[in-house]
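Turn these sequences into a full structure, and let the hints steer you where they fit.
Taken in sequence, the protein lines are chains A and B. The numbers in numbering that gives the first Met the number 0 rise by one with no breaks, and the one at position 120 of the first sequence is 119. The numbers in numbering that gives the first Met the number 0 rise by one with no breaks, and the one at position 77 of the second sequence is 76.
Quick caveat, the hints were computed from the structure, so don't treat them as lab data. From a predicted model like this one, the values you see are computed outputs, not experimental measurements. Glycine residues also receive a C-beta, built at the ideal position from the N, C-alpha and C atoms. Some clues are possibly wrong.
To list a few chain A residues with every Cβ distance to chain B over 10 Å, as calculated [unchecked claim]:
(1) I8
(2) H40
(3) L234
(4) L237
(5) G239
Label-pair ranges, simulated between beta-carbon atoms [claimed, not checked]:
(6) E78(B) x S209(A): 36 to 46 Å
(7) N38(A) x W84(B): 25 to 35 Å
(8) L42(B) x T60(A): 47 to 57 Å
(9) L96(A) x L85(B): 17 to 27 Å
(10) L124(A) x L22(B): 40 to 50 Å
(11) L93(B) x V229(A): 22 to 32 Å
Which residues of chain A face chain B? A partial, calculated answer using Cβ under 10 Å [what the hints assert, rightly or not]:
(12) L42
(13) V46
(14) L93
(15) G120
(16) S128
(17) L135
(18) L165
(19) L177
(20) A224
(21) G236
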Amino acid sequence: MDNADLSTIWVYLSESPLAGLTITMIAYSLAYRLYTSANSHPLLNPVVTSVGMLILFLLATDTSYDAYFEGGQFVHFLLGPATVALAVPLYQQLSKLRRLWLPVTIAMLSGVAIGGLSSVGLAALLGASPITQMSLAPKSVTAPVAMGISEQIGGLPSLTAVLVVLTGILGAVLGTRLFDLLRIRDDSVRGIAMGVTAHGIGTARAFQVSKEMGAFSGLAMALSAFLTAVILPWLLGLFGFLTS
Amino acid sequence: MQFINGITILLIYQLAGEISVRLLGIPVPGPVLGMLMLFITLLLRGKAGESLDTASTGLLSHLSLLFVPAGVGMMVHFEHIASEWLSITIALLLSTLVTMAATAGIMLGVSRLTGREHNADG
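Have a look at this one:
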């Protein structure tokens with residue numbers, strides 16, 4: 000096989016979604032194997048390691064993110080049905096939810112307010128640019144909602160998507176350690192705090208701990224998507240963070 | 000077939016959510032509204048059923064995988080992040096820890112104040 004053949008193959012691969020999709024699956028399988036073989040060590044969270052591997056691979060092969068996403072979008076698309084699917088474990092926790100609706104509601108409202116205001120306040124204190132502050136504000140909400148809010152309040156939606164993923168990873172990696180340290184053992188409490196702070200990535204981690212923690216985390220993630228979209232722009236205005 | 004039926008139901012609710020959000024101009028994403036609609040349906044129906052259970056367990060057991068393509072998007076913003084890395088890192092880290100601890104604390108506090116079934120065991 001000569002060079003001409005190889006380059007036609009390369010052209011085919013770089014234009015077809017197959018390559019992007021396949022490397023996503025390979026990276027995740029490797030990352031997941033690594034994670035289980037290390038007894039689910041939180042630092043080896045499969046999102047962290049597979050994203051790292053893929054970025055290194057794309058940089059090494061000089062492939063653009065857009066070209067990669069041609070294939071990656073098929074996996075990305077499943078976030079929609081997966082979000083809808085959260086209704087099922089939630090329904091299975093119904094009796095517990097009925098008993099806990101008041102603490103859940105109050106915790107949700109406080110969590111959304113604290114999450115939004117603390118990120119903007121800290122970033123402002125540390126001298127981050129206004130555009131970064133606004134991109135940070137919705138960081139605890141699931142990516143599609145966060146991007147919409149970011150645009151509305153004057154942030155960069157695509158930067159917000161990255162900050163959302165980073166927040167999710169931080170929450171997933173640090174969450175269970177933090178709860179152990181604070182001696183919080185109730186899986187419903189852990190789930191709510193995880194979902195409010197670290198949305199879907201935290202919820203994925205919560206499902207690895209228990210079905211109950213996952214269900215409550217999923218609930219918190221869904222409710223906070225609603226609450227944040229409605230109250231965050233208003234809260235930021237109230238506290239004088241909105242410049243526009 | 001159970002899996003196919005379940006996925007079909009999920010897609011129908013997602014579609015219903017996307018359409019309602021656009022028709023009513025609600026500022027939340029379609030799948031989130033779809034989730035709420037499915038939850039209400041399950042409440043009215045009184046059971047989830049095998050096909051929905053199979054499909055949701057299948058999708059949710061590897062939820063982490065679904066975030067990978069969005070995470071790789073980080074490579075597009077390396078420069079912006081590099082120029083403000085310190086403030087971004089500290090703000091993300093502290094805000095994440097504070098939000099998580101405060102939410103958990105508030106939920107525990109309120110359930111102790113209101114609930115009798117939460118006897119002091121933690």
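Which of the listed hints are not met by the structure?
9, 12, 21
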